[in-house]
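Peer 1: Single-letter residue listing:
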Amino acid sequence: MRKSTLAFAVLIGLGAGFLWTGLDAVRGDSERAAALEAGARLTRELGLTDLCLFTEARYTRHLSQADWHAPFQDHPMALEHFPSGALVGVPATLRGPH
Amino acid sequence: MFWGRQRYLIDFALSSLWRRKGRHLLLLVVYTLVVAALASVMLFTEALKGEARQLLAGTPEVVIQRMVAGRHDLVPEQYLERIGRVRGVRKKAGRLWGYYYDPTVAANYTLMVPPERHIAEGSVVVGEGIARARGASVGDVLALRSSVGEVFPFRIDAILSAESELVSADLMLVSEVDFRRFFHFPAGHYTDLVLEVANPREVRKVAEKIALALPDSRPILREEILRTYASLFDWREGLVLTALLGAVFAFGIFAWDRAAGLSAEERREIGVLKAVGWETSDVIALKLWEGALVSLCAFLLGYLLAYLHVFTFSAGALTPLLKGWAVLYPQFTLAPQVDLFQLATLFLITVVPYTAAILIPLWQAAVADPDAVMR
Amino acid sequence: MIELIDVKKAFNHHRPNEHWAVNGVSLTLEGNRLTVFQGPSGSGKTTLLTLIGCLARPTSGRVRLDGKDVSGFPERFLTEIRRGTFGFVFQQYHLLRGISVLENVMLPGYPAAPRYGTLRRRALELLERFELAHKAHAKVEWLSGGESQRVAIARALINDPAVVIADEPTAHLDTALAKGFLTIAEELRAQGKTLMISSHDPLVCEAPIVDRLVRLRDGRLAESA
Numbered sequence: 001m002r003k004s005t006l007a008f009a010v011l012i013g014l015g016a017g018f019l020w021t022g023l024d025a026v027r028g029d030s031e032r033a034a035a036l037e038a039g040a041r042l043t044r045e046l047g048l049t050d051l052c053l054f055t056e057a058r059y060t061r062h063l064s065q066a067d068w069h070a071p072f073q074d075h076p077m078a079l080e081h082f083p084s085g086a087l088v089g090v091p092a093t094l095r096g097p098h
Numbered sequence: 001m002f003w004g005r006q007r008y009l010i011d012f013a014l015s016s017l018w019r020r021k022g023r024h025l026l027l028l029v030v031y032t033l034v035v036a037a038l039a040s041v042m043l044f045t046e047a048l049k050g051e052a053r054q055l056l057a058g059t060p061e062v063v064i065q066r067m068v069a070g071r072h073d074l075v076p077e078q079y080l081e082r083i084g085r086v087r088g089v090r091k092k093a094g095r096l097w098g099y100y101y102d103p104t105v106a107a108n109y110t111l112m113v114p115p116e117r118h119i120a121e122g123s124v125v126v127g128e129g130i131a132r133a134r135g136a137s138v139g140d141v142l143a144l145r146s147s148v149g150e151v152f153p154f155r156i157d158a159i160l161s162a163e164s165e166l167v168s169a170d171l172m173l174v175s176e177v178d179f180r181r182f183f184h185f186p187a188g189h190y191t192d193l194v195l196e197v198a199n200p201r202e203v204r205k206v207a208e209k210i211a212l213a214l215p216d217s218r219p220i221l222r223e224e225i226l227r228t229y230a231s232l233f234d235w236r237e238g239l240v241l242t243a244l245l246g247a248v249f250a251f252g253i254f255a256w257d258r259a260a261g262l263s264a265e266e267r268r269e270i271g272v273l274k275a276v277g278w279e280t281s282d283v284i285a286l287k288l289w290e291g292a293l294v295s296l297c298a299f300l301l302g303y304l305l306a307y308l309h310v311f312t313f314s315a316g317a318l319t320p321l322l323k324g325w326a327v328l329y330p331q332f333t334l335a336p337q338v339d340l341f342q343l344a345t346l347f348l349i350t351v352v353p354y355t356a357a358i359l360i361p362l363w364q365a366a367v368a369d370p371d372a373v374m375r
Numbered sequence: 001m002i003e004l005i006d007v008k009k010a011f012n013h014h015r016p017n018e019h020w021a022v023n024g025v026s027l028t029l030e031g032n033r034l035t036v037f038q039g040p041s042g043s044g045k046t047t048l049l050t051l052i053g054c055l056a057r058p059t060s061g062r063v064r065l066d067g068k069d070v071s072g073f074p075e076r077f078l079t080e081i082r083r084g085t086f087g088f089v090f091q092q093y094h095l096l097r098g099i100s101v102l103e104n105v106m107l108p109g110y111p112a113a114p115r116y117g118t119l120r121r122r123a124l125e126l127l128e129r130f131e132l133a134h135k136a137h138a139k140v141e142w143l144s145g146g147e148s149q150r151v152a153i154a155r156a157l158i159n160d161p162a163v164v165i166a167d168e169p170t171a172h173l174d175t176a177l178a179k180g181f182l183t184i185a186e187e188l189r190a191q192g193k194t195l196m197i198s199s200h201d202p203l204v205c206e207a208p209i210v211d212r213l214v215r216l217r218d219g220r221l222a223e224s225a
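Residue numbers (this note's numbering), protein chains in the order written: chain W, 1 to 98; chain G, 1 to 375; chain A, 1 to 225.
Keep in mind that the hints were calculated from the coordinates and are not lab data.
Remember, predicted model here, so these are calculated numbers, not experimental data.
There could be a bad hint or two in this list.
Stated by the list, open to error - With the Cβ distance kept under 7 Å, some of the chain G side facing chain A (calculated, not the full set):
no. : residue
1   : R5
2   : Y8
3   : S15
4   : E266
5   : R267
6   : E269
7   : A275
8   : V276
9   : G277
10  : W278
11  : D282
12  : P370
13  : V373
14  : M374
Stated by the list, open to error - Chain A is faced by these chain G residues, among others (derived, beta-carbon under 7 Å):
no. : residue
15  : G4
16  : E150
17  : E279
18  : L348
Claimed, not checked - Computed spacing ranges between beta-carbons, pair by pair:
no. : chain 1 : residue 1 : chain 2 : residue 2 : range
19  : G       : L212      : W       : G22       : 27 to 37 Å
20  : A       : R97       : W       : L23       : 20 to 30 Å
21  : A       : P74       : G       : E265      : 24 to 34 Å
22  : G       : A211      : W       : E45       : 25 to 35 Å
23  : G       : E265      : A       : D160      : 21 to 31 Å
Using N, Cα and C, we set each Cβ at its ideal position, and we do this for glycine too.
Using the sequences and the accompanying hints, generate a full structural model.
Peer 2: Right, here's the structure in full:
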């Protein structure tokens, strides 16, 4: 077999995978729609304002509601949305278990 | 004819690559991992942004906070009346919510009084994240210590659906009576106010009027909330990309060394090929095919890995980064999103530089005189 | 038929280390002949072969191939002529290491892109003819010197050229193998090929099959026999 044939086979395989991701994305979208709808309903019902992604500190939980000068209230290395949080090390007193 | 020729060149490019298979396979692996890492971040943040957009579409149009000496403060209920005089406000309500730090699992909960749902005193509805962290299920009792030190036993009435975890993992819904008693929350006060505006186009206008009527208030609009999330993940993405930049540069050096530094042996080969009748363009096409095959494979493979990683394995490698020190973290699968523009960007920043790295030094070698092999 | 008219070739032209490798050679070389260019090293015989074989263009003078003046052709056309008309057997063979014998032989055929089956069959036939069929899939670095040269000859013949140019073909061969080469050369001539060989090996220069001996010294013709 020619080596180029092998290469085409591999590329066609990968290309098929690539197309599959597109189809999967379309399919997954409709599957996820129900869950998203449930979440959106809860948001509307409770008047939620933020994603529950960063629960590590009070001021990171509701980012859109935070003070403008909120960072460093708890500990500086909390990976929050202010760049300084990722640049400054934790004071020794804050290290160790909670 | 053109295609036949290119096919021969591909044949030979593969033979040529296979000669140093160890190195080229390693290159392919590293290249694939770099693409996979970059693509994971792209797919993850893009999908998360999409979720945020949809989940937060029903967020309150206007949230009014009160500021005292530059810090959040409770809102007296008289404010509701004063807002009532602002035209264009259709509905207004006070919200009761706050945070509770649970030392037993070292996690922050968000306590909230649901505006519509009725919750009996002594009962609580918790998010899936809390149930998981505490190992609790419906019927169990959560004992929380109030702000004055009394222990409040809350019986879990229900657990919020796991489907909505991305917004509800740390929620704890309690009755108003319990909320006020637990926090010693002053009567006649709310955490903040939410408004609904009759005409969505007037939201900004209404917010301005309120800011005038209540000078110590700070209105937050829905569009600002949505924008916070759109830009927040941009920044997070930037953070991850910055972290990855080191890897990308290292790969760049590695790839340059592999692809660009033509050895004496390779130069001699180019001379031989030209001497036996290959044109300069054939030699260049050959080397481009070598680069293109490696980078195309790495790109597709890396992208596929990233897709599986993010959407099938819930982006396991990225969550520690988003999680930070958080104890409660929602478990969620993201709806797959494929953005062609992002893919094109990824393609441009990975495949094109590699191919270009090959081309520049190659040009000099390929235009050399073919008679060099006879000297 | 190839004509050289007052051909000169300088290396490092207009530089302090300028060197005229070929310095005014006029020659007419008929087709279907075995011509040997003889001379000590540095006499310009290899450079002359590169000019004849369109590997390089003369600094001045004319090279005519079947009446066409090719000395002024741009690189692209020279490549095409080289591919169709000449086959080269280099002194160091210059086979590509790490690549199979078969692919090495097929290489010069790639740019013209004949059908894969055809090209492969032709290459296998050539290997068969040089008793190398069993080595077709071996890598070239596993070959002995004589085998390497036969692969190089097979590669030179893959495009069925009219002219085969061999640069010092016996330099790395013992007597028996050198005689083997001459046998092949004789066969090729019998097939109607034109052969041009540079050599200072007496075994080649004095071989009975040589039609013409061109002696070179310091980039000029010494005398023609």
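Peer 1: All the hints need checking, so say for each whether the structure fits it.
Peer 2: To see whether the hints hold, each was checked on the structure:
no. : hint                         : verdict
1   : R5                           : 4 Å, holds
2   : Y8                           : 4 Å, holds
3   : S15                          : 5 Å, holds
4   : E266                         : 10 Å, violated
5   : R267                         : 12 Å, violated
6   : E269                         : 6 Å, holds
7   : A275                         : 6 Å, holds
8   : V276                         : 4 Å, holds
9   : G277                         : 3 Å, holds
10  : W278                         : 6 Å, holds
11  : D282                         : 5 Å, holds
12  : P370                         : 5 Å, holds
13  : V373                         : 6 Å, holds
14  : M374                         : 5 Å, holds
15  : G4                           : 4 Å, holds
16  : E150                         : 81 Å, violated
17  : E279                         : 5 Å, holds
18  : L348                         : 31 Å, violated
19  : G:L212 to W:G22: 27 to 37 Å  : 51 Å, violated
20  : A:R97 to W:L23: 20 to 30 Å   : 45 Å, violated
21  : A:P74 to G:E265: 24 to 34 Å  : 29 Å, holds
22  : G:A211 to W:E45: 25 to 35 Å  : 28 Å, holds
23  : G:E265 to A:D160: 21 to 31 Å : 30 Å, holds
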